[in-house]
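**Q** Each chain, letter by letter, is given below.
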Amino acid sequence: MTAKKTYIQSFCSIQNNEIILNGETVFNTEPTVFSDFSKKAYQNFEMNYPKFFKMDSLSKLAFLGAEILLRKEIDATKENNIALLFANKSSSLDTDVKFQNSISDKENYYPSPAVFVYTLPNICLGEISIRHQLKSENSFFIFEAFNPVFMVNYANVLLNTKKAEKVLCGWVEYYNEEYKAFLYLVGTEGNTEHQKETVEKLYNK
Amino acid sequence: MEALKQELKEKIIAVLNLEDINLEDINDNDPLFGDGLGLDSIDALELIVMLDKDYGIKLVDPKEGKVIFQSIETMGNYIKENRTK
Amino acid sequence: MIREVFITETNCITPIGFDVATNVKNIDGGISGIQLHQNSLLMKDPFYASIIDEEKLNTAFAKVTPAQNYTRLEKMMILALQPIVEKSKLILDAKTAFLLSTTKGNITALENPTEENIAKAHLHQLAKTIADFFGFATEPIVVSNACVSGVLAISVAKRLIQSGMYDNAFVVAGDEVSEFVLSGFNSFQAMSDLPCKPYSKNRNGVTLGEAAVAVLVSSNKENAKIKIIGDGSINDANHISGPSRTGEGLFRSIESALAEAEINPNQIDYISAHGTATPFNDEMEAIAFNRLGLEDVPVNSLKGYYGHTLGASGLLETVIGIQSVLESKLFASFGFDELGVSQSINIIKKSETKNSHYFLKTASGFGGCNTVVLFEKVS
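Residue numbers (this note's numbering), protein chains in the order written: chain E, 1 to 205; chain R, 206 to 290; chain V, 291 to 669.
So that you can see chain E by itself, here it is in the shape it has in the complex (with noise of 0.2 angstroms):
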């Protein structure tokens, strides 16, 4: 494969309530949980997607993130071959434990369908893709740490075997309360070169 240049063309991050774009605050809240800051991101960006208070909490980072990253770059009128490649540290394990609890009681045993189907961590994928119509590759992956050089590499080789026009990249751990959320959007167009230091320095920032 013809291995061309690819740059970082923006970034986010979410995390103590506060979300990011291309290194500015563009949304902050006073100290407050995670269901009441996303809601109030929601609010603030006028997302109009009542499906939004559907999906448990790491599908709402993951869908905050893209939402932001997304909104100006997308074109409703024709195909965005923009693929997903996510990872995270502790998968869906915030909303399995919610799961095992309503199964753990035998005296109250009602397992639920709509907070068993968020059990996969790709299902935040599913949700992003929705949004903004994206039949595009998409694959969730797990790592002890964010992983730049995994991440730079595999986005180069969908970039380089034109499976993909533009990868969106994303980081998005959510656990008990904790988040962190890092996502953004690599193509072969643009000024600041994709590289693993550069990823490594906007994730750390």
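A hint or two may mislead.
The calculated lysine-lysine pairs, modelled on DSS-like cross-linking and capped at a C-alpha distance of 27 angstroms, are [what the hints assert, rightly or not]:
#	chain 1	residue 1	chain 2	residue 2
1	E	K51	R	K290
2	E	K89	E	K4
3	E	K201	V	K385
4	V	K515	V	K379
5	E	K180	R	K258
6	R	K285	E	K98
7	V	K639	V	K515
8	V	K353	V	K334
9	E	K205	R	K290
10	E	K180	R	K290
11	E	K196	E	K89
12	E	K98	V	K410
13	E	K162	V	K511
14	V	K315	V	K515
15	E	K98	V	K418
16	V	K385	E	K196
17	E	K98	R	K290
18	V	K644	V	K315
19	E	K106	V	K410
20	R	K263	E	K72
21	R	K268	E	K51
22	R	K271	E	K51
23	E	K39	R	K216
24	E	K5	E	K72
25	E	K180	V	K410
26	E	K162	V	K385
FYI, nobody ran anything at the bench for these hints, they're computed from the structure.
Go by the hints and put chains R and V onto chain E.
**A** The following block gives chains R and V in isolation, referenced to the frame of chain E:
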């Protein structure tokens, strides 16, 4: 029956996380699925769990749900006749 | 020049055998791993599932290592990987990847949610345990993408090897039958009350199963069993639990794999499909295959032998598919009686002899995901 229907509306909003919908927005005969409240297949499954948990009604065939969950009115009638708790 | 990538070693641990040869022999003999189980720890009412015998598992494991303290799933995965790691004689260096595919990993640890057990339920922890057993030098790559995970792991391994990042990749996939997944599928009203019947008129849902499967993906053609020539993993963008009615994501994934391999749909000789036996999944697949003109290609689902082994299924079915190609056989789609999808597809009703050159493996899952991998017989 009015109290039951009111209770159902409250429960549906809470259980199905219908954040932007108020009690007044749901009329007794509005369709719950499709164009009405816009509920989908997972919501239908969740309503089946609710019937079991709160009213002691076990639906064996999910297709039965289609008829029962047409509206608040049909749900109310079905629960009134079949509830065991 | 794009690097060629092959599968050179395969192994599987299932209720119908602890190696590929025994599995194939049983499939050929029409033996299924699905049985009626009565175990109130797993489910209140009796249920059908394909479950590995505990005693057989422990006996086999004891032959590999005297080590204790491994969970059931870890034992299954170690047993699957061990012979192929040994046989390959590879040095597990920086150019050797380790991929692990699972949906729920050690989810049973949550039944007793101590701090230690919650750590155990983390998938990277499971991967580390397996990696440490064998001494892999690279960081494990865990693929967790619902029911396509197993076949996606092959695709990821192939892509990483093509990129030059690795020369070899050991892939292990595994999931077990747990109260967690049984109750979840049950709450979805997706469980069959009889052994599952993929594509049949009277199918009414999934039968769950468990397995661990391992393969070696390599750039080295020596010992190659099959060549990986194309892949695709495209989302439906339609619904998080139900498949697209038009089979859009599956259709596009197959198109993507065919384009990469530069072959036409009519060159495909055999499809090992997903066939979970839920009404919607099987119907969706029939539609997608018809849209591509694949309605006459022999197709089977192996779920009738193994049940749905979740994150292991795609890899398990690939391993059996490879064996079909190598032995020039097509295995019957177990549990099939009368076609129950709206568009015609060519279900393999009786095991038969047939040479296959191009073999397609497909899978679809929750989250609207689909993955396909296209293989070519090695001459």
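**Q** All hints, please: hold or fail.
**A** Cross-check of the supplied hints:
1. At most 27 angstroms may separate the alpha-carbon atoms for a hinted pair to count; K51/E and K290/R exceed this at roughly 31 angstroms.
2. A C-alpha spacing of about 30 angstroms is found between K89/E and K4/E, which places the hinted pair above 27 angstroms, so the restraint is violated.
3. Between the alpha carbons of K201/E and K385/V the distance comes to roughly 26 angstroms, so the proposed pair stays at or under 27 angstroms and holds.
4. Between K515/V and K379/V, the direct Cα distance comes to roughly 17 angstroms. Compliance with the 27 angstroms bound is thereby established for this hinted pair.
5. Straight-line distance between C-alpha atoms of K180/E and K258/R comes to about 36 angstroms, which puts the hinted pair past the 27 angstroms bound.
6. Proximity of K285/R to K98/E is assessed by CA-CA distance (about 31 angstroms); at most 27 angstroms being required, the pair is judged violated.
7. Restraint check for K639/V and K515/V: satisfied, since their Cα atoms lie roughly 26 angstroms apart, inside the 27 angstroms limit.
8. Using a Cα cut-off of 27 angstroms, the hinted pair K353/V and K334/V is violated, with the two alpha carbons roughly 35 angstroms apart.
9. Note on K205/E and K290/R: the hinted pairing is violated, with a Cα-Cα distance of about 56 angstroms set against a maximum of 27 angstroms.
10. A threshold of 27 angstroms between alpha carbons decides the hint, and for K180/E with K290/R the separation of about 44 angstroms lies outside it, so the pair is violated.
11. In summary, the hint linking K196/E to K89/E is supported, as the alpha carbons are separated by about 19 angstroms, within the 27 angstroms threshold.
12. Proximity of K98/E to K410/V is assessed by CA-CA distance (about 17 angstroms); at most 27 angstroms being required, the pair is judged to hold.
13. For a cut-off of 27 angstroms, the pair hint linking K162/E to K511/V stands: about 25 angstroms separates their Cα positions.
14. A threshold of 27 angstroms between alpha carbons decides the hint, and for K315/V with K515/V the separation of about 18 angstroms falls inside it, so the pair holds.
15. Pair hint K98/E plus K418/V holds up; C-alpha atoms about 25 angstroms apart against a cutoff of 27 angstroms.
16. Our distance criterion of 27 angstroms between C-alpha atoms is met by K385/V and K196/E, whose separation comes to about 18 angstroms.
17. Note on K98/E and K290/R: the hinted pairing holds, with a Cα-Cα distance of about 26 angstroms set against a maximum of 27 angstroms.
18. A hinted pair counts as satisfied when its Cα atoms are at most 27 angstroms apart, and K644/V with K315/V qualifies at roughly 17 angstroms.
19. Pair hint K106/E plus K410/V holds up; C-alpha atoms about 24 angstroms apart against a cutoff of 27 angstroms.
20. Between K263/R and K72/E the CA atoms are separated by roughly 48 angstroms; this puts the pair beyond 27 angstroms, and the hint is violated.
21. This hinted pair checks out: K268/R and K51/E have alpha carbons roughly 24 angstroms apart, not beyond 27 angstroms.
22. Taking the CA atoms of K271/R and K51/E, the gap is near 21 angstroms; set against the 27 angstroms cutoff, the hint holds.
23. Taken as a hint, the K39/E and K216/R pair is honoured in the structure, with Cα atoms around 21 angstroms apart against an allowance of 27 angstroms.
24. For the hint linking K5/E to K72/E, the alpha-carbon distance of about 23 angstroms falls within 27 angstroms, and the restraint holds.
25. Between K180/E and K410/V the alpha-carbon distance is near 22 angstroms, which keeps this suggested pair within the 27 angstroms criterion.
26. For the hint linking K162/E to K385/V, the alpha-carbon distance of about 25 angstroms falls within 27 angstroms, and the restraint holds.
Hint check: violations occur at hints 1, 2, 5, 6, 8, 9, 10 and 20; the rest are consistent with the structure.
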